[in-house]
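Visitor: Hey, can you work out the whole structure from these sequences and the hints?
Chains as they are written, first to last, in the numbering used here: chain F, 1 to 219; chain G, 1 to 219; chain A, 1 to 231; chain L, 1 to 231.
Careful, some of the hints might be misleading.
As the list claims (entries may be wrong) - Which chain A residues stay away from chain G? Per the calculated CB distances, all over 12 angstroms, these:
(1) Q42
(2) G139
(3) D161
As the list claims (entries may be wrong) - 20 angstroms max Cα-Cα, derived DMTMM-like pairs, lysine to aspartate or glutamate:
(4) L/K184 x F/E16
(5) G/K120 x L/E95
(6) A/K222 x F/E60
Derived from the structure by calculation, the hints contain no laboratory data.
What you are looking at is a predicted structure, and each value in this text was computed from that prediction instead of being measured.
Ideal Cβ positions, reconstructed from N, Cα and C, are used throughout, including at glycine.
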Amino acid sequence: MLTKEQIAKRIAQEVEHRQYINLGIGIPTLVANYIPTHLDVVLQSENGLLGIGPFPKESEVDPDLINAGKQTITMLPGSAIFDSAQSFAMIRGGHVHLTILGAMEVSEQGDIANWKVPGKMVKGMGGAMDLVASAKHIIVAMQHCSKDGHSKLLPTCTLPLTGIRCVKKIVTDLAVLEIAPEGGFILKERAPGITVEEIKSKTAGKLIINGEIPEMSFD
Amino acid sequence: MLTKEQIAKRIAQEVEHRQYINLGIGIPTLVANYIPTHLDVVLQSENGLLGIGPFPKESEVDPDLINAGKQTITMLPGSAIFDSAQSFAMIRGGHVHLTILGAMEVSEQGDIANWKVPGKMVKGMGGAMDLVASAKHIIVAMQHCSKDGHSKLLPTCTLPLTGIRCVKKIVTDLAVLEIAPEGGFILKERAPGITVEEIKSKTAGKLIINGEIPEMSFD
Amino acid sequence: MINKTVENAAEAVKDIQDGATLMMGGFGLSGIPENCITALLQKGVRDLTIVSNNAGVDDFGIGLFLQKRMVKKMISSYVGENDEFERQLLSGELEVELLPQGTLAERIRAGGAGIPAFFTPAGVGTEVAVGKEVREFNGKLYLMELALEADFALVKAWKGDTAGNLIFKGTARNFNPIMATAGKITIAEVEELVPAGSLDPNQIHTPGIYVQRIFQGNNYEKRIEQRTVTR
Amino acid sequence: MINKTVENAAEAVKDIQDGATLMMGGFGLSGIPENCITALLQKGVRDLTIVSNNAGVDDFGIGLFLQKRMVKKMISSYVGENDEFERQLLSGELEVELLPQGTLAERIRAGGAGIPAFFTPAGVGTEVAVGKEVREFNGKLYLMELALEADFALVKAWKGDTAGNLIFKGTARNFNPIMATAGKITIAEVEELVPAGSLDPNQIHTPGIYVQRIFQGNNYEKRIEQRTVTR
Chain F
1 MLTKEQIAKR IAQEVEHRQY INLGIGIPTL VANYIPTHLD VVLQSENGLL GIGPFPKESE
61 VDPDLINAGK QTITMLPGSA IFDSAQSFAM IRGGHVHLTI LGAMEVSEQG DIANWKVPGK
121 MVKGMGGAMD LVASAKHIIV AMQHCSKDGH SKLLPTCTLP LTGIRCVKKI VTDLAVLEIA
181 PEGGFILKER APGITVEEIK SKTAGKLIIN GEIPEMSFD
Chain G
1 MLTKEQIAKR IAQEVEHRQY INLGIGIPTL VANYIPTHLD VVLQSENGLL GIGPFPKESE
61 VDPDLINAGK QTITMLPGSA IFDSAQSFAM IRGGHVHLTI LGAMEVSEQG DIANWKVPGK
121 MVKGMGGAMD LVASAKHIIV AMQHCSKDGH SKLLPTCTLP LTGIRCVKKI VTDLAVLEIA
181 PEGGFILKER APGITVEEIK SKTAGKLIIN GEIPEMSFD
Chain A
1 MINKTVENAA EAVKDIQDGA TLMMGGFGLS GIPENCITAL LQKGVRDLTI VSNNAGVDDF
61 GIGLFLQKRM VKKMISSYVG ENDEFERQLL SGELEVELLP QGTLAERIRA GGAGIPAFFT
121 PAGVGTEVAV GKEVREFNGK LYLMELALEA DFALVKAWKG DTAGNLIFKG TARNFNPIMA
181 TAGKITIAEV EELVPAGSLD PNQIHTPGIY VQRIFQGNNY EKRIEQRTVT R
Chain L
1 MINKTVENAA EAVKDIQDGA TLMMGGFGLS GIPENCITAL LQKGVRDLTI VSNNAGVDDF
61 GIGLFLQKRM VKKMISSYVG ENDEFERQLL SGELEVELLP QGTLAERIRA GGAGIPAFFT
121 PAGVGTEVAV GKEVREFNGK LYLMELALEA DFALVKAWKG DTAGNLIFKG TARNFNPIMA
181 TAGKITIAEV EELVPAGSLD PNQIHTPGIY VQRIFQGNNY EKRIEQRTVT R
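Guide: Written out as structure tokens, the structure reads:
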């Protein structure tokens, strides 16, 4: 079973040279730590920054420079600042190539639910609905099962949706999966030591297994 | 009969303190010369400038600084530059208070035609359609009659329209007129030495004459 | 040039009445109009509808309005960083309309730009789509969203001039420039107010035409929500 | 940061094919991509659809494309400052679609921003409205207009960095920033190309994400159409 860091590390392998990327809060944020340094990529923060740098030194902290998670950050040479309408123009216009975000549920059609649990206090969708409705490539980072053991990969989502037919790939603590055009989770890779049987038993939606399923590699 | 300069001078009396104003090409441009200096107003150029200054000295000419008539201009202290989408956001959003423009025809409903003559080469509407559809107050500056003697104040326009029910006031070489809410040209002022009879004979649309019509004053 | 200067925050907000709709700039606590917030707290206006991406924290920003029960309705994309908000929401004292952040931004931009409605893909197939027109363009579904305007927009800039031109700093820019366009009356508070002509006309973020009142604020706290540092 | 630099105009335009749709920045002759125009003339591409507010003059700007019969269709708001344009239009060699300037600007902005359609009051009741949906919002009539995109956007900036960030000067800005957002491939030519990190991030007009290729142009003529001076 992968740690959060390992999920992030595996997702980092999906990143391509010259991509503009939006990373959600949680595991997706960790992906930044594992992007190979020979790849030139730019991270977008939807509150209005292209080119997110590392966290500042104590002496550099600037309240006028935060990311979408409201954390203090820095800029990089070549960064640009813009307003919120421009930021979502970039996102909706398809200029951001890759969105990586967390989820509470994903359906075998690629629907995603990640913003609201009935009965719990609703904090809001923030930019998630715009991101999932617009990005060309969407990767979900999440645990395969909820804390009480229920599969988060479902035939249809039970929670209120964030977007429909948008997720392309899912990386969990157990597996890498892709959404089939006709619906279903195509099992692509197993976490080290995890059997296909275990993944099968923990995937409530239709699981598609074509031939031998390789283990993930982390070199 | 007023000269072009006198038409501009009369229109300048309509300008109010703290207005943002867009002046069209031709007579409207001349209005700038007659705005009382105690009024603070800002002229907008739809190619992307607030705060049009005077023409530059020969040594100051900058090809990167022109007005919508493509004339070289200058800026003023407090000017701001912006792109074309922002410029028309200002116009459509009602932030520009007053638009002054020329016309080939105005109807008694306040329709305006000023961009196209069938059979003649069409140059395009430029920003005129946006301006007339959006400005809170629109004043037309034009000759009362065409060169061949036909009235340009008509029951309905014969030329292709630029906008409908938008003109509020018209200043011609003969008169100042307002559009009545129910339709018709309300005669407000006569040019010095011009009789109501002459204006009546040269106005093809419905002319509304209430009581004594004063002569324009130019102090 | 038209002089938009007013004396201070109290004068700037003096005609904001009970029941007004206010847009308030900021993302989290970054770039919020701190001086206007303080002035409105002192004035004590009620039943406000507030358009703001977030709702502050318990003891700062819009959270202070909630403490004083000044807010009737919030229109936001992400709220609930504060307990009082949750309490008022659950008790029914507070109404909340949640919108996708990009939809919120674009509705505000449309309000300022004279665009009454537009289509966006955000929210298709979700509860955000309920009651909205869905339409297909080039094989993809979109929702029709309407423009948002406000009686007053309260924005915070880094520098401004007496003509109302504004320049923002860093990600404190966020919703401020678009809200400035969508207020019937826009009030700008700035860290530094300079004479018209002091700012480079090429570098203005918000042209003065959108700003009706401007003043130099003071005592900016600029509270940080998540102080993350590299050691 | 991603390096967008290409060697020169010839390399920047090398994959622009016959039949392509191009957006070209500029208002009149101010802020036009002079180097890209020259490179395309040398390359000799045909059947172009050009989105540009104006069409140049006989011997400069897009007028040069017309001389070489490279243009199939113009989408503009104001044209006909040149005789060859008029000749080709009247003879039926050239197709022209005229749009209100604000509609043109907003359709381009929508194209870059993922907004497939929006409503605008410009053109209601005129021939511009023919075939378009008319709809009432708050008692006023509006037309639905569709987004515009292009295979290539050719823009001209004052300064740019290797990451593709652009800064414009004066009214040479005009349509350039919005077109930069609406090209599948956006080519920026700049008077001065500087390393990433040389420009103030707060003062970028076009963030580099919109620009795929950038180069430093040369020999800018910047021809003036109406030289008006105060004596």
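Visitor: Please list, smallest to largest, the hint numbers that this structure does not respect.
Guide: 3
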